[in-house]
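Peer 1: Listed here are the chains, written in short residue letters.
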Amino acid sequence: MTDLILTSRMVDHPADSHTIARYVDTGGYKALTKALSEMTPETIIEEVKASNMRGRGGAGFPTGVKWGFLAATEPRYLVVNGDESEPGTFKDRQLLERDPHQLIEGVIISSYALNVHHAFIYIRGEYPKPARRVQRAIYEAYEAGYLGENIHGTGFSLDITVHLGGGAYICGEETALLNSLEGRRGEPRLKPPFPAVEGLYAKPTIVNNVESISNIPWMINNSGIAYAAIGPERSAGTRMFSLSGHVERPGNYEVVMGMTWRDLIYDIGGGIPDGRELKAWIPGGASAPWFVPEEHLETLVTIDDIAQAGSMAGSGAVIVMDDTTNVVAAAHRLVRFFAHESCGQCTPCREGTSWLENVLRRILDGKGRPEDIDLLLEISNGISPGLAWPPAMTTICPLGPSAVSPITSITRWFMPEVEAMIGGSEVSNV
Amino acid sequence: MNQVISQWSHANQERAGKILDAYPEKRSAIMPLLYIASLEHDFASPDAMREVAELTGVTPAQVLSVASFYTMFKRDGVGKYLVSVCTSISCFLQGADEVLEAVEEATGIHHGETSEDGRFSVEHVECIGACGGAPAVQVNYELVEGLTPDKARQLIEWLTDSQPEVVLTDEMQQLFGGQRSFDWGSSEPEGAIAPVPAFGPYGSVGEDR
Ligand SMILES: Cc1cc2nc3c(=O)[nH]c(=O)nc-3n(C[C@H](O)[C@H](O)[C@H](O)COP(=O)(O)O)c2cc1C
Ligand code: SF4
Ligand code: FES
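These protein sequences, in sequence, are chains V and G.
Quick note: the first sequence uses my numbering, first residue 1, plus one each step.
Quick note: the second sequence uses my numbering, first residue 1, plus one each step.
One chain only, chain V, in its complex shape (with noise of 0.2 Å):
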C-alpha cells in the first residue's frame, strides 16, 4: 500500500486524475456519503482534531482548533486559499490542476462540519488553467448531486464559487484575500478580530490553505488518529515539498516528515547538478531565513525542528542554491519581490523594503560603501526590532519582516562575501 494521502491517484492515473469518473471509481466520495449521512458536524471537527494537522498554508496553525474559534452567528463561510504566490510555491498549482475533485470533497465536508453554506476556492489570476480544472470539477460535482440544494437527500446545501485574484501576492495574507474577495484592494486587515469571528462580510469565516482541505477525504475514511499516526508527533500526516533552484530532480514531493534535510535535498531531489557544492538553502518559502550545508544538514525536516534551527516550514518550498550562487545577487532578487509586493499601508515595509532593495542593487553595481552592511541591518531593525526568529513586528502583517530573512541570512552565514563585494567595489570605484 502506498503511504501517500494526497498525490496516489495522480500518480497511478495521469491521463484523468482530474475527472469525476475516475475520482468516483478510485473511491472518490465516499467520505462525502460517509460525512453527511454517519457524522454529525461535531464528530468531524473531533476527527480533524484528533488528527493534529498543520495548516500548509505557511503559519502550521492546528486546523480542528482553528474550527473551534468559528463564531456561531450564521451566515458563516469557508475560503479556501489557492493564492499561491510566495516564490518556490508551486504545490496547490499541481493539487488544483491533477486532483481538483479531493479539494471539492474537502470543502464540502468542511461545510458539513462547519455549517456552511457557501465556499469560496480563491486563485492566484496567474493560474487560469488550475482555475479551470477546478471550475469543469464544480460542474462536474453539481451534475452528480454532490453540490446545490439538498445534496444527496441529506438537507445540508452547499454552493461553491471560484474567485481569480488580480496578480497581487499580498492577498495570500487571510485578511488581505477577504478583502479581495469582498472587492476591495488586498490590503492586511488589523487583528483581532480574527477571521473566525469576522471574516468575509464582516462574518464568521475560516480561511484554509488548499493542501490542508484536501487531505480531510483521507481524514473522514481513515480516521483522525490513523492520520496523526503517519509522522513525527507535531508533524502529522504528510506534507507537499516544492523543491526548485539548483537541485537535480526539481518538482513536488509529498512525504512523511521526519526526514533529515541531507534526506529530501541528496535522496529525494537528487543532489546538486552538475557535481556542484550545496550552498545554502531556504526550508520554507521566500520569508524564511536560510539554512545553510555546515550547520543545518542533519536538522530533521519537522516543523519544530525547523523553527528550533531558526526558520520555518512555511509554504514548503525548497529553494537550493549552489556554490556559484551570487549571495547578494540572491537576496537581491528576494526583497525586491518583497519590495515589490508591498501593499504600502505601514511605513516601515512600503520604505524599508524599497531602501533595502536599493542599497543591495548598489553593492550589487559595484558602487557598495563600507557602510552598508551597517545600513542593511539598521533598515533590517526598523522593520523588525532586534532580528529575531520568529521576528517582531512593528507591521500590519509578516511581510515586511520576511523582506528581512535574506539580509539577516547572508550577513549570518556569507558575512566574507558580502564584504568583499563591497571592498571590491570600492577598489573598482577608486
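No lab work stands behind these hints, which were simulated from the structure alone.
Ideal Cβ placement from N, Cα and C applies to all residues, glycine included.
Be aware that a few hints might be false.
Quick list of simulated restraints, FRET-style, between CB atoms [unchecked claim]:
#1 V:68 - G:65: 51 to 61 Å
#2 G:110 - V:145: 50 to 60 Å
#3 G:186 - V:371: 29 to 39 Å
#4 V:371 - G:101: 30 to 40 Å
#5 G:7 - V:369: 31 to 41 Å
#6 G:25 - V:233: 54 to 64 Å
Position chain G with the ligands relative to chain V; hints supplied.
Peer 2: Relative to the frame of chain V, chain G with the ligands by itself:
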C-alpha cells in the same frame, strides 16, 4: 443592467449576470467583471471601469482604486500577446534574466512596453508558481516551463509568424518547453484569446467563442 453593457457580446452579458448572482454582495463581482470588461474594451479602460461601477453599485473611483491595486488589470493598452517572464528567485537561479533578454530582443521592446504594431507586450513578473520548471514564461497567462533563451526566441518568432487566435499552454509547452514542475497529465483543450486569464466564467476561453 443591460443598458450599461448593451454593447457587450451576448455571452459576456450573460456571464456578467451569473457572476453577480454568484456572490452574496454585488461588490465582490468587481474583479471578475473587470476581466470581462477588459475583454470588451481590450483593457481596463475608463469606460470599462465605469460599466463595472454601475453593475456593482459603486463609484468609478472605487473601481479604479481596486483595479490599480492589482497588476493584472491593465489600465494601458496591451498587445495581442502579453509575454510575462518570471524573474523571481528560482527562475533567476536557472537563468531567467537571459530568457528575459532574449524575449526583449526578439520583440524589440522592454518591460512594460507594447510594440508599435500592437502585437506584443513584455513584462517581467514575480513567481508564477512554476519554479520546478524554471525558467518559466506565460503568454496571455498560459504557461510554458523549462525555457532557454533560444527557445524563448523561437516562441516569439512562432507567435509572430503563426499568430494563433487561441494561445494553448500544451501546444507551447510541446513546441518550446522543457523541464516541468510536475507531470501535466492529459492535455488541455482550452486557451486564451486575449491577455486576460482564460477562465470560462470570466470569458477569454477559446472553445466557447
Ligand atoms: C504575506 C503572506 C502571504 C501568504 N500567502 C499565502 C498563500 O499564498 N496561501 C496560503 O494558503 N496561505 C498564505 N498565507 C497564510 C494565510 O494568511 C493563512 O494563514 C492560511 O491561508 C491559513 O490556512 P491554513 O491554516 O490551512 O494553513 C500567507 C500569509 C502571509 C502573511
Ligand atoms: S507589512 Fe507590508 S504588506 Fe503587510 S500590511 Fe504592512 S505594508 Fe502591507
Ligand atoms: S520563481 Fe519563477 S515560477 Fe516561481
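Peer 1: Hints broken by the structure, by number, lowest first?
Peer 2: 1, 3, 5 and 6
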